[in-house]
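Student: If you want the building blocks of each chain, they are given just below.
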Amino acid sequence: MESRKLASFFEEDLCIFSLRSRKKSSVLQEMVRRLATAGRISDEHFIMEMLKNRESLGSTGLGMSVAFPHGRSLAIKKLTVLFARSAGGVDFEAQDGENTKIFFLILAPSDKGAEIYLALLSELIGIIQKPQKLEKLLTVKDYASLVAVLDGDE
Amino acid sequence: MREEFRLLVGLQDLDIMIKDMKDKVTTDELKNMGFKLEGLEELLTARTKLASKIPTALLNRYEKLAGHYKVAILPVSGNQCLGCFVKLPTSFFSSAYSHELLTCENCGRMLYIP
Ligand SMILES: [Zn+2]
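As you go down the protein sequences, you meet chains R and W in turn.
Start counting the first sequence at 1; every next residue gets the next number (our numbering).
Start counting the second sequence at 1001; every next residue gets the next number (our numbering).
Pulled out of the complex, with its shape left as it was, chain W reads as follows (with noise of 0.2 Å):
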């Protein structure tokens, strides 16, 4: 996998954390159970400082898809979307873009291939 493709992914990651964080009904159920939570402030200058290592054009694509996404960038699994379903085209699997980030056409998705 590419580099800017894993940290791609990384951020993916960590903005469901902070997401989750943000979230009052998770928070107050972690907080009942006896997890403190107070590092938010820490995780979002992770996020900035992992945000500033990514390429900008493909960081801002991966902004908008997150927009509307609870995942937006995704490995192919079989021969399908995992986003959406959608059945991929086989000219994905060729060599030539096997190591390229691909767009599924369906849903604008960002796929790599694991």
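Okay, chain R solo, but in the shape it has when bound (with noise of 0.2 Å):
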């Protein structure tokens, strides 16, 4: 991914520390709405079809607490990243059977090739795979918090 820095992707207001939802759908409603209020997409509907039509794929819960769904759509316009974080978990079907409490949201828009977001799911699953981040990761709350583990060294 060029030399942008992963944390780049990342903005605050698209940050969720504290998903109320405890059920699948709900957390995906949750996330897609924080980016319809904030003015990213030009419409939730699109956006939420998607996102399920890709679950049914198989789930985007790879296990170790993270989930990343992704895709793309006309009802985005660039590359962009929501992250939520639920304290208690979620059962997302993820595929260690384990409750997820990590979600990196991806979307692309759809004139794009799938690389844009290929590219960035790459990163970030080498990211949750250092331990010492997920753990972090696990417990962030807040963006500047969220910054220093994606772009920290360690």
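Rather than coming from a laboratory, the hints here were simulated on the basis of the structure.
Don't take each hint at face value.
Taking beta-carbon pairs under 7 Å as the criterion, some of the chain W residues facing chain R (in silico) [what the hints assert, rightly or not]: (1) Val1009; (2) Asp1020; (3) Thr1026; (4) Glu1042; (5) Gly1067; (6) Ile1113.
Listed next, the in silico SDA-like pairs over lysine to any residue satisfying Cα-Cα at most 25 Å (straight line) [what the hints assert, rightly or not]: (7) W:Lys1031 - W:Ser1052; (8) R:Lys112 - R:Gly63; (9) W:Lys1024 - R:Glu115; (10) R:Lys130 - R:Gln95; (11) R:Lys23 - W:Leu1014; (12) R:Lys52 - W:Asp1028; (13) W:Lys1019 - R:Ser8; (14) W:Lys1031 - R:Gly63; (15) W:Lys1064 - W:Ile1018.
Only a predicted model underlies this, so the values are computations on that prediction, with no experimental measurement involved.
Glycine included, each C-beta is placed from N, C-alpha and C at the ideal position.
Two chains, two frames, some hints: make the complex.
Tutor: Printed below as a string of structure tokens:
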């Protein structure tokens, strides 16, 4: 992903540090609602449909408490990431059967190729594979600490 | 936005996902990252269901364009067609057409005013 810092994809108003929802579909809805209120998407309905279709291919909950809902839609103009955390965790039908606590929602526009979100996904997966980083993400409470985890050296 | 356009946009999003799922480079990469991709049949069923709600003439027009272009239907933004970036005539923006499905005269893509 060239030299762009990972944290530069994250915006403060697109971070939810305490998700209220407890169910898979309502978590997706809560995240999509935030994108709409922050003015990043033109239509919640399209994004929800796309994300539900994507989940029907297999849960994007990869286990280790982390999920990466993602896809492309006409309703989004540029590559956008939303971070969300649920302290209690949600049954996101994750591959390891455990609750999901961290969500990286990645949306890309439909006129670009899949590679634009694949590169970002791959970098984020690299982050959660580092145990110290994952541990910090699980308790991150504000934007500054999120940025520190994403761009920090350890 | 009229219901038919909404359905078309939904169909286009779905087609893009189906295309990704049929692309070996994309699916291999996702699988290497740990994603399970098993429900293509379900997506195809959802597509059939969605397509059946769209009037035939409109669907045919979309299918033809979708064969040529990554994006066949798109919203008008600024005064350009975002498909081919040609400037659209001002008559495009008169209120008489604001609920109609428009056509870019340069590239033929379907345009709507959001
Ligand atoms: Zn055009």
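Student: A separate judgement is required for each hint: does it hold in the structure or not?
Tutor: Verification of the hints:
| no. | hint | result |
| --- | --- | --- |
| 1 | Val1009 | holds, 5 Å |
| 2 | Asp1020 | holds, 5 Å |
| 3 | Thr1026 | holds, 5 Å |
| 4 | Glu1042 | holds, 5 Å |
| 5 | Gly1067 | violated, 16 Å |
| 6 | Ile1113 | violated, 12 Å |
| 7 | W:Lys1031 - W:Ser1052 | violated, 32 Å |
| 8 | R:Lys112 - R:Gly63 | violated, 28 Å |
| 9 | W:Lys1024 - R:Glu115 | holds, 13 Å |
| 10 | R:Lys130 - R:Gln95 | holds, 19 Å |
| 11 | R:Lys23 - W:Leu1014 | holds, 24 Å |
| 12 | R:Lys52 - W:Asp1028 | holds, 21 Å |
| 13 | W:Lys1019 - R:Ser8 | violated, 29 Å |
| 14 | W:Lys1031 - R:Gly63 | holds, 14 Å |
| 15 | W:Lys1064 - W:Ile1018 | holds, 17 Å |
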